[in-house]
Every structure is written in structure tokens, then in C-alpha cells.
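Q: For the sequence shown, the working numbering assigns the number 3 to the initial residue and increments by one for each residue that follows.
I should point out that these hints are in silico values taken from the structure, not numbers from a laboratory. Hints may be right or wrong, so weigh each one.
Cross-link-like lysine to aspartate or glutamate pairs, in silico, EDC-like; alpha carbons within 20 Å at most [stated by the list, open to error]: (1) Lys33 <-> Glu111; (2) Lys33 <-> Glu131; (3) Lys324 <-> Glu111; (4) Lys8 <-> Asp138; (5) Lys120 <-> Glu29.
Remember, predicted model here, so these are calculated numbers, not experimental data.
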Amino acid sequence: MAKLKKQHMTIHWKAIVQDDASIPATEATLKEKATLVGRVGLMMLSVGTSAWRVRNAMNNVSRCLGLTCSADIGLLSISYTCIEGTDTYTQSISIPTTGVNTHKLMQMEVFMREFPEKVSTCSVRQIHEVLDQIRDLPANYSAWKLGLAAAFACSAFTFLLGGGLVEMCCAFLGAGIGNFIRKQMLERKISLLANVAVSVATSCVVYVLSILLVQQLFSISEVHQAGYICAMLFVIPGFPLITGGIDLAKLDMRSGLERISYAVLIILTATITGWVTAMVFHFQPADFKPLEISTWLLVILRILTSFCGVYGFSLMFNSPRKIAFTAGLIGMLTNTLRLELVEIAGVPMGIAAFIGAFCTGCIASAVKKKIGFPRISLTVPAIVIMVPGLYMYRGIYYMGLSDISNGAIWLTKACLIVVSLPLGLVIARFFTDKNFRHCT
Numbered sequence: 003m004a005k006l007k008k009q010h011m012t013i014h015w016k017a018i019v020q021d022d023a024s025i026p027a028t029e030a031t032l033k034e035k036a037t038l039v040g041r042v043g044l045m046m047l048s049v050g051t052s053a054w055r056v057r058n059a060m061n062n063v064s065r066c067l068g069l070t071c072s073a074d075i076g077l078l079s080i081s082y083t084c085i086e087g088t089d090t091y092t093q094s095i096s097i098p099t100t101g102v103n104t105h106k107l108m109q110m111e112v113f114m115r116e117f118p119e120k121v122s123t124c125s126v127r128q129i130h131e132v133l134d135q136i137r138d139l140p141a142n143y144s145a146w147k148l149g150l151a152a153a154f155a156c157s158a159f160t161f162l163l164g165g166g167l168v169e170m171c172c173a174f175l176g177a178g179i180g181n182f183i184r185k186q187m188l189e190r191k192i193s194l195l196a197n198v199a200v201s202v203a204t205s206c207v208v209y210v211l212s213i214l215l216v217q218q219l220f221s222i223s224e225v226h227q228a229g230y231i232c233a234m235l236f237v238i239p240g241f242p243l244i245t246g247g248i249d250l251a252k253l254d255m256r257s258g259l260e261r262i263s264y265a266v267l268i269i270l271t272a273t274i275t276g277w278v279t280a281m282v283f284h285f286q287p288a289d290f291k292p293l294e295i296s297t298w299l300l301v302i303l304r305i306l307t308s309f310c311g312v313y314g315f316s317l318m319f320n321s322p323r324k325i326a327f328t329a330g331l332i333g334m335l336t337n338t339l340r341l342e343l344v345e346i347a348g349v350p351m352g353i354a355a356f357i358g359a360f361c362t363g364c365i366a367s368a369v370k371k372k373i374g375f376p377r378i379s380l381t382v383p384a385i386v387i388m389v390p391g392l393y394m395y396r397g398i399y400y401m402g403l404s405d406i407s408n409g410a411i412w413l414t415k416a417c418l419i420v421v422s423l424p425l426g427l428v429i430a431r432f433f434t435d436k437n438f439r440h441c442t
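Produce the entire structure from the sequences given, and follow the hints as far as they go.
A: Laid out in C-alpha cells, this is it:
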């Protein structure tokens with residue numbers, strides 16, 4: 003079989019620069035300096051961070067090189083112009099797909115902190131070699147480990163949504179196998195819609211078969227079918243939803259709208275796949291059976307499962323274990339606070355989600371100042387567990403049955419929470435980051 007040709011050709015950055023390693027980057031030509039600006043921006047874009055952070059990184063590199071940079075940033079592409087004196091250099095560059103890699107994001111932030119020292123002592127080629135090392139970093143976790151992380155995250159998610167032990171066990175199996183399949187497909191460069199649809203269908207089928215087997219062996223009630231949707235929540239596009247909201251708040255309209263469109267595409271693909279699978283197996287969404295446990299035990303279990311859920315989602319974003327653990331500690335506090343505000347204080351879900359996200363952003367900012375972990379690596383995993391995937395699925399399910407009233411109610415609830423989450427992070431960022439709250 004003939005080898006497939008790449009639709010997005012590889013940019014050979016070092017082919018553009020001179021071989022003379024004795025010339026520091028500050029004395030290189032405009033074209034060579036511009037390659038560093040563009041490549042740093044493209045690598046930041048590839049790890050899933052917001053356009054505001056991408057532009058900030060490009061600006062910092064440009065200032066160190068004595069350039070002025072103007073950039074237009076989208077989800078997959080960057081068009082930028084570098085200016086030095088009366089000379090200009092313009093490029094339009096892109097990446098084939100987007101994803102999230104918080105480990106590479108952390109390494110890029112370390113690189114940016116060290117760049118002012120490197121720029122006067124290292125050549126452009128030597129700096130590209132450092133970027134090569136970051137680009138070639140292997141994934142921290144294999145496919146089966148990521149499957150296990152998704153299994154724990156979705157199992158914890160199931161409890162937080164009201165499910166019991168039976169639903170948690172079946173969601174554990176469904177999400178674990180589904181995310182394992184998804185990782186295998188991503189490694190083979192299978193396109194977005196295909197890997198989302200196949201992995202979601204796999205997780206749903208595994209849940210269905212598991213629950214049917216348990217019903218046959220232990221004669222349990224069909225009420226446990228309510229946890230069906232929890233097995234597919236590992237595909238929730240938390241990063242593009244949150245970074246899209248942040249970009250819109252900073253008037254990066256192109257990037258914000260593209261990120262939200264990307265997130266909506268994943269959500270629609272996942273929910274429609276789940277709906278079709280449910281129709282095949284005659285499953286339908288239902289309320290969970292109330293858990294008969296005391297209030298204090300429920301709070302303790304919510305704290306523990308919130309930690310497990312956030313920790314699992316963070317590992318799925320390729321976070322080092324220290325970052326994942328820190329995000330888990332933040333998430334277990336803020337998500338439990340959100341749930342208790344709704345249940346005990348009767349706070350509307352949208353406002354509770356805003357408060358939870360705001361507290362997450364404030365705590366993450368304090369941790370960043372103290373430890374140095376990237377803020378977004380802590381905030382997004384901590385609030386992904388607040389994204390109402392169950393509401394989204396129910397809305398699409400009822401819409402598919404032409405039950406417009408019920409579908410609209412569930413989708414409205416989902417939209418209120420989804421809007422509240424990035425808004426909470428944005429307001430927290432306004433309070434804790436003076437660079438972010440100014441438009442200059």
C-alpha cells in the first residue's frame with residue numbers, strides 16, 4: 003500500500019537558518035529571527051493554550067530579538083508579521099490538528115523564562131535545537147494508563163452526578179476501554195470525528211453489556227441504566243471550551259469562536275453517537291436512584307471522588323503527576339463547594355458553577371506564584387469535572403425524539419453552566435493578573 007502523503011507538510015525550520023553557530027540570535031537576519039517567533043507561537047498553539055498566551059509568548063520572543071510582532075491567531079493557524087526597522091517579514095503557518103499537552107506547555111514556559119539569557123549567547127539554530135527537544139518529548143503515559151485515568155475520572159464523575167456503586171463500576175469499564183481505543187486511534191492519526199464517534203460508541207456498548215450482565219447475574223433493577231452517559235464523559239472538550247471563553251473575553255474573536263466551534267463539534271458528535279447507541283439498545287436517560295447515605299459521609303465521598311476525577315482528567319492532558327495532584331487538590335475543594343452550594347444553600351447551578359470556577363482561578367493563581375505550575379494546567383482539569391456533559395446528552399436525546407420542550411430545558415441548563423465556567427476563570431484572572439485585565 004502506498005504511503006499516505008501529508009495534507010499538512012512539515013516545516014523544516016532549521017533549513018531556513020544559517021549554519022554559523024557563532025552568530026548570536028540577536029544579530030541574525032530578520033528572516034531567521036522571525037522563524038523563532040513563529041515556531042514558538044506554533045508550539046504554544048499545538049499544546050492547547052489560549053490565543054492570549056500564544057501572542058504573549060510571541061511578543062516576548064520578539065522583544066528579546068529587537069522585533070515588533072503583529073499576529074492573527076486561530077485554532078490551527080497563525081498569520082504574523084515581524085518588523086525590524088523598515089524591513090518586514092510575514093508568514094502564515096499552521097498545525098494539522100489540535101490537542102492538549104500540559105507537560106509540553108510547562109516546558110515551553112520554562113523555555114520562555116530562560117529565553118532572555120539564551121538569546122544573546124545562542125545562535126538561532128541552537129535555539130531551534132532546544133525547541134526540537136521539547137517537540138520530541140514522549141507522552142508521559144501509555145494508552146492503557148490513559149484508559150485507566152479515564153476510567154477513574156468517569157467513575158468519580160458518575161458518583162458526583164448521583165450514581166451508585168453499580169453505575170460507577172460499569173462506567174469505569176466503559177470509559178477505560180473507550181479512552182484506550184481513542185488513544186490508539188490518535189496515535190494512528192485517525193481524524194477527529196472518527197476517533198470521537200468510535201471511542202464513544204465503544205464506551206457506550208461496553209457500559210450496556212456490563213449493565214446487562216450485572217442485571218442477569220444479580221437481578222438488579224433497570225434503574226442503573228441511568229449511568230449510561232457517564233461512560234462517555236472522557237471526551238468532554240474542557241480545554242477548548244475554557245480557552246475559547248478566555249479568548250472571547252480578550253477579544254481574540256477568531257480564536258475564541260474557532261475553539262468553541264471545535265468544542266461544539268466534539269460535543270455534537272459524542273452526544274449523537276451516544277443517542278444512536280442508546281436507541282439501538284433501548285436505553286433512555288433517567289434520574290439516578292437517591293443515595294441513602296448521611297450528609298457528612300456524602301460530603302466526604304464528594305471530596306474524594308472530586309480529587310480522583312480531576313486527577314484522572316489531568317493525567318489525560320499529559321500532566322506530570324505533581325501537576326495532576328495539585329489540580330486534584332484544587333478541584334476537590336472547589337467542586338465540592340459548588341455541589342454543596344446547590345444542594346444545601348439552594349444556589350442556582352449557573353451561579354454555583356461561576357463561584358466554583360472563580361475560586362479555582364484564584365487558588366491556581368496563588369499556586370502559580372508559589373510553585374510556578376502553568377495556571378491553565380491547574381484550572382482546566384479542576385473545572386472540567388463541572389462541565390455538564392449529562393445535561394448536554396439529555397438535551398440532544400430529547401431533541402432527537404422531537405421532545406423540544408424537554409430538550410430545550412436540558413440544553414439551557416447546560417449552556418448556563420458552560421458560560422459560567424470560563425466567566426468565573428476570566429474574572430479570577432482579572433483580579434489576579436494585571437497584564438490580563440488591561441487591553442494595551
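Q: Are the hints correct? Go through all of them and say.
A: Hints and how they fare:
1. Lys33 <-> Glu111: Not satisfied, since the Cα-Cα distance of roughly 24 Å exceeds 20 Å.
2. Lys33 <-> Glu131: holds (17 Å)
3. Lys324 <-> Glu111: Holds - the C-alpha atoms of Glu111 and Lys324 are around 16 Å apart, at most 20 Å.
4. Lys8 <-> Asp138: holds (19 Å)
5. Lys120 <-> Glu29: With Cα atoms ~13 Å apart, Lys120 and Glu29 stay inside 20 Å; holds.
Comparing the model with each numbered hint stated earlier shows that hint 1 is the single one that does not hold.
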